[in-house]
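J.: What follows is each chain in one-letter form.
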Amino acid sequence: MALPDMLASWEVGYVPIIAVVSLTATAIYATLLGFAKAFNMPNLERFAKSELAQVIATVLMTAFLLFFVGSALEVASSLIGGNIYCAGELYTFGGYEFDPSEGIVYENQPLNKAFELIKCKLRTRGKEVGEFIDSMFPQLTQTSPLPSLSGRAAELYMIYFLYYFSASVLGIPIYNGQFGLGGGWAGAAGGELLSVYGLVEQSRLLLMFAVNVLVAINSQYALVLYIQKTFLAIFLPLGILLRSFYFTRSIGALFISLALSLYFVYPVVYILLDPGFAPSSTSEEEPAPSSVSSLGCVNTMNSFATVMSSFASVQQQTAAVGESEGQASISDYSRFYLELLIHPLVSLSISLLVARYVMHLLGGDPYAFARFAAKVI
Amino acid sequence: MMLCEQFNDFLLTSLLPLIATASMATGIIIALVLLLGRAIGNSRLSVWAKDEVVQLFFSLAFISFVPLLVNLSCTLNANDFRNILLEETSSEVVNLYDAAELYVLSAARYSHEALAAVRYHLEVYAVLSASSGFECAFSFLGCLFGYTGDSFSLFGGYGALQSALSLFFNLTVISLMTALLHYFILSLTSKAFLFFLLPLGLFFRSLPYMRILGSVLFALALSFIFIYPLLLSIFWIGSDFVLLVPSEIGEGDAYLRAEEDMVGRAGAAAASSVAALASLVPGAGTELAQAAIKAFYFDDVDERPYAVMDFAVRALFAAVILPTLALIGALASTVYIAKFFGQQVDLSRLMQLM
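Residue numbers (my numbering), protein chains in the order written: chain D, -1 to 375; chain V, 90 to 443.
Chain D extracted, bound-state conformation (with noise of 0.2 Å):
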């Protein structure tokens, strides 16, 4: 749902909802009053007035949420005005669009744009340790038959058979490749197996973090997904309704608090923080840029896999070319770590904690929701 049908729908069916809600709310608790009052109860009076200053609070919050919604569009058009690159594709945030398909030209809604580009940055990326996944290991993809081997793949097969191959002649040992791991050219051998071990055991390691990374990838695209879609069309109505009586106080404050800062805090935060980000210019004097591809001309970190793999390989060469370069790959490795784990839970974090706070302001108990969250991320 785009956001401008969006806000329609408040006007059209949010509205008469809480409306209703409130005038429910407003009969239980004035019903309370005059009890209260005709039995002389003091602390259900004081209740049914709170309660009743609450119902007020809610249309109140309503009306707010609906200037809200609008003024945060123009914050984050501010904000995150600005083009990113994904995928060969451009992503503009702000300003105009021109639509061919309805010959209009309609104002960028920032925020549909960065839930396009974080989808496109996760999607990207699990394709990228897909493809490393395959690239480490080539049997997966080889159908070539077995006499054809070449490459390292012959000297493999070359360096096991040296390896494992005995010869004796009248029950006399003359030869055993496990014999000269100290030294000689049956020891080359064998010192060559304990490095096809070493870089067996290293795949295994990046085979692993491959795989947890894929799971946080795939866990932050169905939760980016699951906020553009809901967020806003569901949880922000239903929080305010749930707000209005005294039960379901907590859980509305939840829901209200969750929708603000994942849908409108979260999405800006990622942007800000991606180091691909290039902030449009807002001087007159300074020309335009003379074609797409330049716009594209900005730092970006390096693909997972490409670091991955020069991770690998200049491990292999540590020993002999020494630990320079080694440390160089062990800086890319902390860069592309940033990317794709610590940048998205930075910005999930401090939308939580807006959410933490902005729940606490709402009349919500946040401590059990902030413990979930903790646990879970």
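Any given hint could be a false lead.
Claimed, not checked - No more than 20 Å apart at the CA atoms, straight line, and that leaves these computed lysine to any residue pairs for SDA-like:
#, chain 1, residue 1, chain 2, residue 2
1, D, K125, V, R127
2, D, K35, V, F151
3, V, K139, V, R127
To be clear, the hints were calculated from the coordinates, so they are not data collected in a lab. Small disclaimer: the values here were computed from a predicted structure and weren't measured.
Once you've looked at the hints, dock chain V against the given chain D.
T.: Chain V alone, transformed into the frame defined by chain D:
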């Protein structure tokens, strides 16, 4: 759900008589204490009796509130909210309890499909990685001069995908078990809590010195009778956006083949594999063997290991994260409702368990 039909009968035949009995018993005790207080001139007893009268009226008020709440849950149509919020047009009537049950069952079915897809791929890669070949040392003579040669695990690289998919297999098993657990919790709480814990809580709350226990039981019952199904029904409203099968995955049923179909196909695949491996073209059997195994498993479904990983994680989100959030919300509401009755309840250990 049969709950709504059973509740009215239960209300008339069991709950109301129990409430009447408890109220009469409490009323008699209060009257005796008041008389005793007046008789011996003890003002504390009189004040206590008057407080208990007020509490008795409160309890009766809550008792009238509970059937109202249950009937509201049985008559509210979750589909109407769905039609308004998501601009859909559906005339089906789905009350809160039905919506909650639909969500957990849909999540369980979704997890089961994910489990089937992951298991299917896992089986293929297990077969491929376990396949091995033996090449005699003097291949032009076969193994006539002793059984010497080299053993090969030609498709051992598939072990990588096998170990990766094992993690996702565990995730989908957890998702399926959790969804079923939530279905059982929903069934248990909406019946046992409604027909046992709630009357027990009301009864204890009516009695003077059991009020704390009664308040806690009542708060717990109210949370799980109303709040927990309410949250699940809200997730049901948005379930179209969470129970999405990844577009690359084929129909889930294709992963669950009929047994007789498997036997016939296994025989045909085995025959073609043996023929391929026995081929006189050196090493050509390996390619044909792999192709034969893959053709057996993937002729009408696509090989999509990364899409099934995505499927598994989505199942985790739908079947574990959201229902657990509903459960924690219900427990947090218990604390909130208990505060209304003037009691502080510490459910932190239960929250940690969740």
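J.: Now look at each hint and say whether the structure bears it out.
T.: For each hint, the structure was consulted:
1. D:K125 with V:R127: 84 Å, violated
2. D:K35 with V:F151: Answer holds: K35 (chain D) to F151 (chain V) is near 19 Å, not above 20 Å.
3. V:K139 with V:R127: 12 Å, holds
Of the numbered hints given earlier, the model fails hint 1 alone.
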